[in-house]
Amino acid sequence: MKLLEYEGKEVFERYGIPMLPRCGVIRIGDNPDKLNIDGRGPWVVKAQVLAGGRGKAGGVKLAKTASEARELAGKMLGMKITTHQTQGKALTVEEVLVEHAAPIEREIYISVVLDRKAGSPAIIASAEGGMSIEELARTNPEKIIKISVDAEAGLLDFQARQLAFDLRIPQNNFREFTAFAKALVKVFVENDASLVEVNPLVISKDGRLLAIDSKIVTDDNALFRHKDQAARPDHEASEIEKEAKAIGINYIGLDGDIGCMVNGAGLAMATLDTVKMAGGDAANFLDVGGGANVEQVTKAFQIILKDPKVKAVLVNIFGGIMKCDNIAAGVVEASKKVRIKVPLIVRLEGTNVKEGKAILAGSGLKLEQADSLWEAAQKAVAAAKR
Amino acid sequence: MSILLNKKTKLIVHGFTGAQGSFHAQQCLDYGSSIVGGVTPGKGGTEHLGKPVFNTAKDAVKATGANASLIFVPPPYAADSILEAADAGVSVIICITEGIPVMDMVRVKKRLAAMNTCAHKVTLVGPNCPGVITPGECKAGIMPGYIHRKGSVGIVSRSGTLTYEAVWQVTCQGLGQSTVVGIGGDPVQGLNFVDALKLFQADPQTRAVIMIGEIGGSAEEDAARYIKAEMTKPVFCFVAGKTAPPGRRMGHAGAIVEGGAGTHASKVEALKKAGAAVVDNLSEIGAAVAKGLKRKTKAKTKAARK
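Chains as they are written, first to last, in the numbering used here: chain A, 1 to 386; chain B, 1 to 306.
Calculated directly from the structure, the hints in this document are not laboratory data.
It is possible that some hints are incorrect.
Which residues of chain B face chain A? A partial, calculated answer using Cβ under 10 Å [what the hints assert, rightly or not]: (1) D87; (2) P130; (3) Y226; (4) V239.
Think of the CB as a built atom: it goes at the ideal place given N, C-alpha and C, for glycine as much as any other residue.
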């Protein structure tokens, strides 16, 4: 699950990570007067969206006075933001964070990631912060520092020192930085994160070390031991996705018009690829699960058909432990409960496939059957175009 | 010959008496796998599916001489079961459980690595995988047994049903499999592609390998390097997720394109450059292998005639 900046900063707070004081968060419908803006400016007003590059898209504004900060915050709510990370879609700003601002002397990039190959966390850092780390990795890979970290021991003293020297941290901030780096690794390990990023970490003109932004991605599999995380809303998932998740179906909405129901994540991905190859676009990724029964299949149909874009539905099931005749019975049963008005293409393979196909053929349902995934994809694309 | 499992494999099932464990253990028994017992803490001394149940893996191994573990324990406790199995002395551990926290696997991996440097060798397959099957000899997993057929094609894959699809196509071509290994869809796992390819390369029964990858991570790129440097057997690949949107986790925890890394294009390019045959259309992988093996056999007969 991806955390918004202010949610990440609430986590940082618990680990003593140095930050600028925050004046509060307002949501759509809130009065900007709710913000606790006092003391001396300037302030910064930040759109809380899950996409990098929001600054360039008008999602970060500086305010010199408290009234200006309130005004900007109010205007920013409901704004649409499109950045290089939003895949052409606009995100609506539903929450805005206002915090104190500081003049910046230097920007540093630092993150803790999961090094999949090593099977351990790693720190990725660069003395050149403020820009996209992906860009820097392409243009100047030598400027990126990588340190492997032991999850149980945390960042060791010498590693923290080495990192500080490599990042040319000023003498005055040295101890503060090593403590910060160790705390960042702790945030990663203790919160079951898959990414903790501070971009930028800054040294302000008045010599303070400050985490200006926060990005935390947590591991959904570990939610059972993080009740606070589990209680948080998933900002990334759409309403349909949340509904699907609640009933144990893995659904991700996409842009096309062919609804897909598949068993198994890998086969579901391959089904989307095959639809594309046949000249169409899938409306969704949907893994109905390994032990799908009539109820799951019915729910899956309901979920798929909630998307008004869907012009045809492709069911691709490889019956293993789950037998094809049971699946076929499920499809028939489901179609009685859910009115499927769009063309339905079913490809069954595996255990008891003959019986399954016979059930579908004898059901009187208007559907097309296919013998291979390729044939099914072609039929679905043709049906959606009709 | 085969890899990882054979007729001599004696399995213990962890989470034996649970719903999943019971169902799949019965399926494995029906296939002819030699399950010698199971582990469920607190139920030691009882019998389940006609096999003895033990409180601990150590007791089970001691009493039965088991050399492999099959794990169905729920996610919060699965990592502990993997370590328990390793400590008990089995040499192959297959973990089916889906949804184990990554940080748990980070700890497991470190401990297994430490064990492998000083004590006996232990190989972990999974987690979040369909398991391993050596057709006609031993099935340790949740795959449907009947789609398999004994033969010479080794298959290794990150996904479950996608593996069945490849297996079925191979079987329909009149060919069969030496061993089929599901390495699982998690970001931190035991056996990886390179490990499996090494085993297949060394296995005399295996004449060709199918490798089914997917987006996310760099396991396919690593495999490409190994294929180029060491593999003499032909490798046929499919990589799922060409059309997956970046930044979204496609079902498997490990199937995600992050920061421009782990893309379909990068994997396909690396594999092609390494000399592997990459099919774009999944429905063609069985035919591609059959054609490749035929060509190889022809070349061999020709060479023999000369």
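Here's how the hints hold up against the structure:
no.: 1; hint: D87; result: violated (18 Å)
no.: 2; hint: P130; result: holds (8 Å)
no.: 3; hint: Y226; result: violated (13 Å)
no.: 4; hint: V239; result: holds (9 Å)
When held up to the earlier numbered hints, the structure conflicts with 1 and 3 and fits the remainder.
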